[in-house]
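The whole structure should be built from the sequences, with the hints applied where relevant.
Chains P and U, in that order, are what the protein sequence lines are.
Using the numbering used here, the final residue of the first sequence is 869, and nothing's skipped along the way.
Using the numbering used here, the final residue of the second sequence is 851, and nothing's skipped along the way.
A few of these clues could be false.
To be verified - Below are the BS3-like pairs computed for lysine-lysine, each with C-alpha atoms no more than 25 Å apart in a straight line: (1) P/Lys-626 with U/Lys-662; (2) U/Lys-747 with P/Lys-95; (3) P/Lys-101 with U/Lys-779; (4) P/Lys-51 with U/Lys-747; (5) P/Lys-707 with P/Lys-696; (6) P/Lys-129 with P/Lys-579; (7) P/Lys-144 with P/Lys-505; (8) P/Lys-87 with U/Lys-662; (9) P/Lys-447 with P/Lys-642; (10) P/Lys-320 with P/Lys-343; (11) P/Lys-642 with U/Lys-779; (12) P/Lys-655 with P/Lys-608; (13) U/Lys-779 with P/Lys-265; (14) U/Lys-747 with P/Lys-87; (15) P/Lys-23 with U/Lys-779; (16) P/Lys-51 with P/Lys-505; (17) P/Lys-51 with U/Lys-779; (18) U/Lys-779 with P/Lys-636; (19) P/Lys-642 with P/Lys-101; (20) P/Lys-343 with P/Lys-101; (21) U/Lys-747 with P/Lys-642; (22) U/Lys-747 with P/Lys-23.
What the hints assert, rightly or not - Computed footprint of chain P on chain U; a stretch qualifies when at least three of its residues, placed anywhere within it, have a C-beta under 8 Å from a C-beta of chain P: (23) 654 to 667; (24) 806 to 812; (25) 827 to 839.
Think of the hints as simulated: they come from the structure by calculation, not from any bench.
In this text, a Cβ means the ideal position worked out from N, Cα and C, and glycines have one as well.
The chain contents come next:
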Amino acid sequence: MLDIMSKINEFKMSRRAFIGWTSAIAVTTAIPVSRGLVAKAENNIGIAETDGEGIWKTAACWHNCGSRCLNKVLIKDGVVIRQKTDDTHKDSPDFPQQRGCLRGRSQRHQVFNADRLKYPMRRKNWKPGGGKKELRGRDQWVRLSWDEALDIVATETKRIIGKYGNESIMVTGGDANIRNAMSAIGGFSACYGSSSWGAWRWIWENMGIGEGLIVNGINDRIDLRNSQLIVLWGANPAWSTMGSVTYNYLQAKKAGARFITIDPIYTDSAHVFDADWIPVRPGTDDALAFGIMYTLLDEDDPAANPLVKWDFLDKYTIGFDEAHMPEGADPKDNLKDYILGTYDNQPKTPEWASEICGVEPTKIRELAREIGGTERVALLTAWAPARIANGEGWVQAFSALGMMTGQMGGSGKMTGVSCWEYAGNMGPFLLTAGGKGLPSITNPIDNLINENEMWDAVLNGKFLQRYEKERNVNIQFIYHNYENHLQTRSNIAKGIKAHHKVEFVVTNAYALTTNAKYSDIVLPVATQWETAGAVKGGNREILINWSKIIEPLYESKTDQEIAEALLKKLGKDPKEVFPITAEQQYFNQLAGSMVMKENGVDYEPLCTITAQDIKEWGVEGTPQKGRITLKEFVDTGIYQVPRKAGDNFGFIAYKDFIDDPEANPVSSESGKFEIYCKAINELSKTAYSEIAPIPKYEVKVHGYEATFEDWESRKKGKYPYQMINPHYLRRSHSTLDNVPQLREAWPNPVYISRKDADEKGIKDGDTVLLSNEYAKSLRPAAVVETIMPGVIGLPHGAWVDIDEKTGIDRGGADNLFVPHIPKGLGSSGFNTARVNFEKWKGEPLEEDVKWEQRIIKF
Amino acid sequence: MEERGALSEINNIFHARRFAYDILRRFFVEEPSKEYLKPFIQKNMIDLFPFREDSGEIQEGLNKIKSYLATHDVLTIEHHYDDLHWDYTRLFVGPFELTTPPWESSYVRKDRLLFQGTTMNVRGYYDKYGIIVSDFNIEADDHIGLELDFIYHLNERCIKMAEQNESRGLRQLLRDQQRFIDDHLLKFVPEFSRLVMKEANTSFFIGLAQVLHHYLLIDSEVLQELMTIDNL
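This is the structure we're talking about:
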């Protein structure tokens, strides 16, 4: 037997042999071998599994769930056999792993789901011009070749442009591929909306604050540990921001912070943080804020009980009181006098607020004392309370409360939006992704249709071109390029009507989504596991890059391939729109990725790229020096900057401005925080309804007051309950809702308070019928103590499933009930809907997981 | 510190293997090139071949190669080089009947067919490590030169890991090499080498075949022993 230890020792002692081998190899390495083994192109990425079962690669987890985590898949023989999440380093509070959630871990069940759209298909009764259009949504389907399908799309596109002009094409969805292709052939009518932001979407810049994604309004997570009180106002990270956010908040909890949640629901976050729960009615958070502000003014004593930070207001804001009004403004139109009711004779007392928001006056006063009397408060809101109609006043009021209490620009002090993967952790990105390098193609048509009006625009032929005037439009072709607008925008029922009206509907999708179901032509899209790869940012400390996992399944093509093929059919050179390959785009993103240096100011390239790398990738590029090798970044799939207290990566929002307001003005016209914001008021005059320059309480379309037939006598109306649609962990918006194991884990009930359920004789698990003037829907009831009486929680995003005979939806699609009445600057009112509910007398609903999957039969 | 020392010392073994497998893969995957023969001869690489002290057979094979090179000046005398080159061609390429086919399939399969299960099984190993034959489906994956190249490649990974002091996954890498040697190379190399030693015109290839067979035997043992080291 060979004695390996003595052999090792022998080699160690006799350096001569070692030197001989290495110097010989140094010479011979350069001599080529004409044949041999080479790295497999598509497999040249990833890390071999320890047990040798295959290769781990980082796979796309691409959804807009509000998080970004590391998703890894084990590939063996070209097949994905397992998934895991971040184990690239040990987990610690300062350097947390980026762990995925149940949805990301179910991604294999989505990509390889039997319900993937496999072939291009056409509705059976489709004819040029539409055929039997009313059958959209319930017609049979016919399989097409790609050539036939693209011929139909190209021919109809040309016919419709010829007859009605390019304006008659409406493209929905944020992906650039079809949008760019359509722009290149003359353009299309586009849509826009406030989506997740709600009323934060268009007013923050004028106010001089951040909206939580584009501009940072709160401090970083290490500084969050310095807050003594954390108020989560309409924020539920445990449901809405999977990944490391809840963990970050827990560190603040461990450091001693107290938590308060203000929410119609006692959330899982409230439970985890052991928070005091203040139940509040949906869409009335502004009233509560005014009640708090009134108390602050009422009880403030600069010497004995300083609750209002007058110095802060004087130095950094305009519009709080008569003495600090901008030039030209009516001095009476200041916030302080509005709160005190000086001129409108309605002091915004806790009693006044309580009538509207449902929080006891004593509780409101308590809350005011807590917020005003604590040195370092994190006043954090997510977008949900602003995802209402007439929501701008809430955004203004919330911000004013932070300014009044001086909870901005200091350590442990912050007021602002805290959501998405940036929740509780803002500041400049420590890592940034490079651009793809595709040219931007301008859409020659400038029609911008507000999503609240999109279906009305189709049906009635007109819409408001915001900040201009009403325009006529004749939409005859809806191209759903991406996303799921028919499902995720307000008033699905009207959307379906609109889909029955137009001459042509096309959808690119990978499953039979609501968009696809109501289309004439569906084109099967490859998922992000089947495309070249991309670099994606997440929270500020990470940069993820995912690579191609498998070839496009069935006959699916990538979004770019579809757009290119369509351009060709339309007689355009695809190279004009897509001059570079998908691989080159991925490479450009990698090459352009930057990482912040230790000094916390400068950036350096993340990847070292050699001439050999460029050759192997088969792309154009220039070698560069970076922090890690390209191969390491691609194999690992993530780079994360470790954090620790006292490093150079800390962030205090607005600190520059607070330190020197003259030198570092904020984004508003005056350069100060504008409690009085003339610009918003001006903008609103050519939008949907006037917004006051200062925060003012406004009755909301389909808000709490609208649940009464007569508000004065408090006589309840036909739809006496308020409905909200919390984000739900079965899916990300509507994506992933078709995955059976997620359906099993999260059954998607409607949440009803014990009190309301008892009154209607409804028990947990009973099927209930929800209804309002727009729709009817069935759901099993979850009777709980954790939702405020009077409020119904219908989880967001369930796929609508209308029984054609009764017109009743059995899926529980939230947007059936959401009104589509634009107000203010046009934000969507997802969380202000009103309904009634009753026990369902028909056949009880079967659990969703037992339903037949939506698979095209042909 | 203990572990670090051990891994860097084990790396000496990997360097020895790199040296050995580089010679073997080059001489078995293609006709000997002057470009490679030059440093091979001038740097006396044959005298550096590892584990020669542990196997009389290896030493014997090396001596045969050495004596061939001592009597044939392949670097300067053209027909000496041509003879050596021809020996490879007639042994492993053709066009005459191949009495010493270089493919595993020719030895382990009754039907002796290429591109069947045996080739695919070998391909599976390559695939697992994201490696593919440069002449995919033109040259069968179970060619002796390619199988040696595979071990060479995996050993390169061992060196890289040792240099980065990364022991995670190293044991698996060693196990896979040993399995491949036992289940594939050593399944046909004894017979292959016997035939080459019988059929070759030059003592160069006779010696090389002998070295090949006995080095693989030793290396299998080396891998076996390495896996018994605790901290790996």
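To see whether the hints hold, each was checked on the structure:
no.: 1; hint: P/Lys-626 with U/Lys-662; verdict: 32 Å, violated
no.: 2; hint: U/Lys-747 with P/Lys-95; verdict: 19 Å, holds
no.: 3; hint: P/Lys-101 with U/Lys-779; verdict: 23 Å, holds
no.: 4; hint: P/Lys-51 with U/Lys-747; verdict: 10 Å, holds
no.: 5; hint: P/Lys-707 with P/Lys-696; verdict: 16 Å, holds
no.: 6; hint: P/Lys-129 with P/Lys-579; verdict: 22 Å, holds
no.: 7; hint: P/Lys-144 with P/Lys-505; verdict: 15 Å, holds
no.: 8; hint: P/Lys-87 with U/Lys-662; verdict: 43 Å, violated
no.: 9; hint: P/Lys-447 with P/Lys-642; verdict: 19 Å, holds
no.: 10; hint: P/Lys-320 with P/Lys-343; verdict: 21 Å, holds
no.: 11; hint: P/Lys-642 with U/Lys-779; verdict: 14 Å, holds
no.: 12; hint: P/Lys-655 with P/Lys-608; verdict: 15 Å, holds
no.: 13; hint: U/Lys-779 with P/Lys-265; verdict: 42 Å, violated
no.: 14; hint: U/Lys-747 with P/Lys-87; verdict: 7 Å, holds
no.: 15; hint: P/Lys-23 with U/Lys-779; verdict: 18 Å, holds
no.: 16; hint: P/Lys-51 with P/Lys-505; verdict: 52 Å, violated
no.: 17; hint: P/Lys-51 with U/Lys-779; verdict: 19 Å, holds
no.: 18; hint: U/Lys-779 with P/Lys-636; verdict: 21 Å, holds
no.: 19; hint: P/Lys-642 with P/Lys-101; verdict: 22 Å, holds
no.: 20; hint: P/Lys-343 with P/Lys-101; verdict: 59 Å, violated
no.: 21; hint: U/Lys-747 with P/Lys-642; verdict: 18 Å, holds
no.: 22; hint: U/Lys-747 with P/Lys-23; verdict: 33 Å, violated
no.: 23; hint: 654 to 667; verdict: holds (count 7)
no.: 24; hint: 806 to 812; verdict: violated (count 0)
no.: 25; hint: 827 to 839; verdict: violated (count 1)
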